[in-house]
Structure formats: C-alpha cells, structure tokens
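Participant: Under UniProt numbering, the residues of the sequence shown are numbered 1 to 190, in order.
Treat the hints loosely; a few may be bogus.
In silico PhoX-like pairs for lysine-lysine, Cα to Cα no more than 20 Å straight-line [to be verified]: (1) K41 <-> K22; (2) K41 <-> K51; (3) K189 <-> K163; (4) K58 <-> K22; (5) K163 <-> K148.
Across the chosen pairs, the derived CB separations fall in these ranges [as the list claims (entries may be wrong)]: (6) K130 <-> Y151: 17 to 27 Å; (7) N76 <-> I40: 18 to 28 Å; (8) K123 <-> H99: 31 to 41 Å; (9) G78 <-> V122: 21 to 31 Å.
No lab work stands behind these hints, which were simulated from the structure alone. The structure displayed is predicted, hence computed values, not measured ones. Just so it is clear, CB atoms sit at the ideal spot from N, CA and C, and this is done for glycine as well.
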Amino acid sequence: MTNIILFGPPGAGKGTQANFLKEKYNLVHISTGDVFRYNIKNETQLGNLAKSFMAKGKLVPDEITIDMLSNELDKNSGANGFIFDGFPRTEAQAEALGHLMDDKDTNIAAMVALEVDDEVLVKRLLERGKTSGRADDAEESIIRNRIKVYYNETAILKKYYQKQNKYHGVDGVGSIEEITERLSDVIDKL
1 MTNIILFGPP GAGKGTQANF LKEKYNLVHI STGDVFRYNI KNETQLGNLA
51 KSFMAKGKLV PDEITIDMLS NELDKNSGAN GFIFDGFPRT EAQAEALGHL
101 MDDKDTNIAA MVALEVDDEV LVKRLLERGK TSGRADDAEE SIIRNRIKVY
151 YNETAILKKY YQKQNKYHGV DGVGSIEEIT ERLSDVIDKL
C-alpha cells in the first residue's frame with residue numbers, strides 16, 4: 001500500500017496532480033475539505049459534531065478529523081493506497097495520522113511537496129481567481145497571506161518527515177506532464 005501526503009502552497013497544483021496520480025497508481029484521493037463537507041452535508045454523527053465546533057467559531061478537534069479519515073480508509077479498504085490532501089497540518093496531526101495508519105497495518109510512505117516560487121503562485125492564483133469565482137484567489141494581499149500561513153505550517157511538517165527520511169520536495173513549475181513525471185519519479189522509488 002502506497003500512502004502519500006501531497007503538500008504544496010495554494011496554487012501549486014495539488015488538485016490537478018492528485019487527479020493524475022490517483023489514476024496512474026490507482027490510489028484514493030482523500031481531501032480533508034471534501035471529507036468534512038460530505039460528513040456535514042449528510043449529517044453524520046461526526047459531521048454534526050464537527051458542525052457544533054464550527055458554529056462556535058472553534059477548530060474541529062483532531063480526534064474528530066482522524067475519525068472521519070478512519071471512516072474514509074475503511075470505506076476504501078481494498079485500495080492500493082491513499083493520497084492525503086490538506087492533512088496533516090500540525091505535528092500532532094502527523095503523529096495522529098501515523099497512529100491511524102499503524103492501526104490499519106500500513107504507514108505513510110512519503111510527504112511529497114510541490115515547490116513553487118511565491119511570485120509564480122501569486123500569478124497563478126490571480127489567474128485562477130478570474131475564472132474560479134473564489135474570493136480568496138481574487139486579492140493579492142489575501143493570496144500572499146495564505147502562502148505565508150502555508151509556509152509557517154509546513155516548515156514544522158517538513159522537519160517532522162525529514163527526520164523519518166520521508167520528505168520529498170518536487171519542482172512544481174513546468175507543464176502538468178513534467179510535474180507529474182517528477183512526482184512519479186519520487187513515487188516509483190518508494
């Protein structure tokens with residue numbers, strides 16, 4: 001089973017690459033945001049619990065997120081592996097994910113991070129903002145803040161996975177095909 005955490009700043013192309021990788025390696029793409037939306041929309045017990053924290057303006061506790069992810073893994077128990085997108089964000093979450101994977105008799109093979117220069121990201125996101133309708137892609141100051149938050153969060157995780165020799169930075173600039181090939185080179189060696 002190949003389990004990968006796909007990381008990268010906003011605009012790095014994670015969603016696009018996750019789609020190619022899940023097809024190529026027959027992996028299940030787990031976007032934490034999608035998992036949250038599914039559970040809340042379908043009013044699952046975990047979704048209602050998460051919603052109660054969100055309604056108070058509080059962060060959803062890691063345990064609830066891990067329980068949601070555990071359910072996703074169980075739903076896809078025959079998978080060749082998983083691509084985690086949007087999780088973990090903290091060292092505590094990385095440890096909790098590690099324990100969850102241990103419980104499922106598997107592990108995280110690698111954290112693969114798309115590395116893209118800030119100015120390229122800003123340009124990409126402003127372009128995406130013109131067509132996506134996403135408010136957080138329309139204003140440069142908001143974009144720059146999102147990128148800064150990403151680096152503050154990721155620096156911790158980069159060190160965490162480097163200690164385990166599981167961190168792989170991949171150049172995220174070039175054609176979609178070139179980037180997919182670079183990611184595949186890393187995955188093929190796992």
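Participant: Indicate, hint by hint, whether the structure satisfies it.
Facilitator: Right, here's what the structure says about each hint:
{"no.": "1", "hint": "K41 <-> K22", "result": "violated (25 Å)"}
{"no.": "2", "hint": "K41 <-> K51", "result": "holds (10 Å)"}
{"no.": "3", "hint": "K189 <-> K163", "result": "holds (18 Å)"}
{"no.": "4", "hint": "K58 <-> K22", "result": "violated (33 Å)"}
{"no.": "5", "hint": "K163 <-> K148", "result": "violated (23 Å)"}
{"no.": "6", "hint": "K130 <-> Y151: 17 to 27 Å", "result": "holds (25 Å)"}
{"no.": "7", "hint": "N76 <-> I40: 18 to 28 Å", "result": "holds (20 Å)"}
{"no.": "8", "hint": "K123 <-> H99: 31 to 41 Å", "result": "holds (40 Å)"}
{"no.": "9", "hint": "G78 <-> V122: 21 to 31 Å", "result": "violated (41 Å)"}
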